[in-house]
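Visitor: Model the full assembly from the supplied sequences, consistent with the hints where possible.
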Amino acid sequence: MHVQIVLDHTGDTRHEFDPADASAVAAAEARFRELTGKGFRAVAPGPNGDAGKIVRAFDLKSEQVLFIPQLQGG
Amino acid sequence: MNGLLRRFWAAFEPRETAEQKSMRLLRAHLNALQRRQFDEHCWFDVVGGQSGRQYRVHRAYVTNVQEVATDGACVQVLCFSPRAHLPLGDVLLVQKVALEVFEGDALAVACRWPASAARRYTSLQFLLRTARTANRS
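Read top to bottom, the protein sequences are chains A and B. For what it's worth, this note's numbering labels the leading residue of the first sequence as 1, then goes sequentially. For what it's worth, this note's numbering labels the leading residue of the second sequence as 1001, then goes sequentially.
Hint data in this document are derived by calculation from the structure and do not stem from the laboratory. Since this is a predicted model, take the numbers as computed values, not measurements. Where a beta carbon is used, it is the ideal one built from N, C-alpha and C, also for glycine. It is possible that part of the hints are untrue.
[What the hints assert, rightly or not] A short list of chain A residues far from chain B (calculated; beta carbon distances all over 12 Å):
hint, residue
1, His2
2, Ile5
3, Leu7
4, Asp8
5, Pro19
6, Ala20
7, Asp21
8, Ala22
9, Ala24
10, Ala27
11, Ala30
12, Arg31
13, Phe32
14, Phe40
15, Lys61
16, Gly73
[Said to hold, decoys possible] Once the Cα atoms are required to be at most 20 Å apart in a straight line, the calculated DMTMM-like pairs of lysine to aspartate or glutamate come out as:
hint, chain 1, residue 1, chain 2, residue 2
17, A, Lys53, B, Asp1105
18, A, Lys61, A, Asp50
19, A, Lys38, B, Asp1105
20, B, Lys1021, A, Glu16
21, B, Lys1021, A, Glu29
22, A, Lys61, A, Glu29
23, A, Lys53, B, Asp1045
24, A, Lys53, B, Glu1103
25, A, Lys53, A, Glu29
Guide: Here is the structure:
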């Protein structure tokens, strides 16, 4: 199973999907576009807590993607 | 009927708060050294993905990121956070990921303070920790 993790006021919301299920993949891709369109950054975390990489376009290579809200200065 | 009863009793079971959930997510995304630092000192070090500079992320919502020299001395204090209301663990995770993956963007929005602000911050942290310990005993 793949998972998209959106950081939000509840801690996080997880959207799991089966990469072999075409309709689930389409929904995940739509969610990816919607969130990145709203300014979220998609990041594939690295293994064992190491640095990850930014995901610029939806793909099925990353099993887990974190959606990070926009940043602001304090 | 059993399902109804189970749902009824589930309403009274202790639930994980957003804060606890976010801390669990943060810990899952820290490496072994960062987890140890966080447990022992309430901060963890992050290496900037573009510059290779070292940052120290303290357990707090604001002015909690310090750029540190190789000897651990604070060079400057940075303040940036997610533009959303997130529990603390998520805020720290966002700061870690931002510094590792899109450091330039984080620094572009960050407010900067001199290292002297870190000393005040550390003193405040010390006072809070002492007060917490006193409350527990």
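Visitor: Look at each hint and say if it fits the structure.
Guide: Results for each hint:
no. : hint                   : verdict
1   : His2                   : holds (16 Å)
2   : Ile5                   : violated (7 Å)
3   : Leu7                   : violated (5 Å)
4   : Asp8                   : violated (7 Å)
5   : Pro19                  : holds (21 Å)
6   : Ala20                  : holds (25 Å)
7   : Asp21                  : holds (25 Å)
8   : Ala22                  : holds (29 Å)
9   : Ala24                  : holds (23 Å)
10  : Ala27                  : holds (23 Å)
11  : Ala30                  : holds (21 Å)
12  : Arg31                  : holds (17 Å)
13  : Phe32                  : holds (17 Å)
14  : Phe40                  : violated (9 Å)
15  : Lys61                  : holds (16 Å)
16  : Gly73                  : violated (5 Å)
17  : Lys53/A with Asp1105/B : holds (14 Å)
18  : Lys61/A with Asp50/A   : holds (17 Å)
19  : Lys38/A with Asp1105/B : holds (17 Å)
20  : Lys1021/B with Glu16/A : holds (17 Å)
21  : Lys1021/B with Glu29/A : violated (26 Å)
22  : Lys61/A with Glu29/A   : holds (13 Å)
23  : Lys53/A with Asp1045/B : holds (18 Å)
24  : Lys53/A with Glu1103/B : holds (12 Å)
25  : Lys53/A with Glu29/A   : holds (18 Å)
The structure fails to meet hints 2, 3, 4, 14, 16, 21 from the earlier list, while all remaining hints are met.
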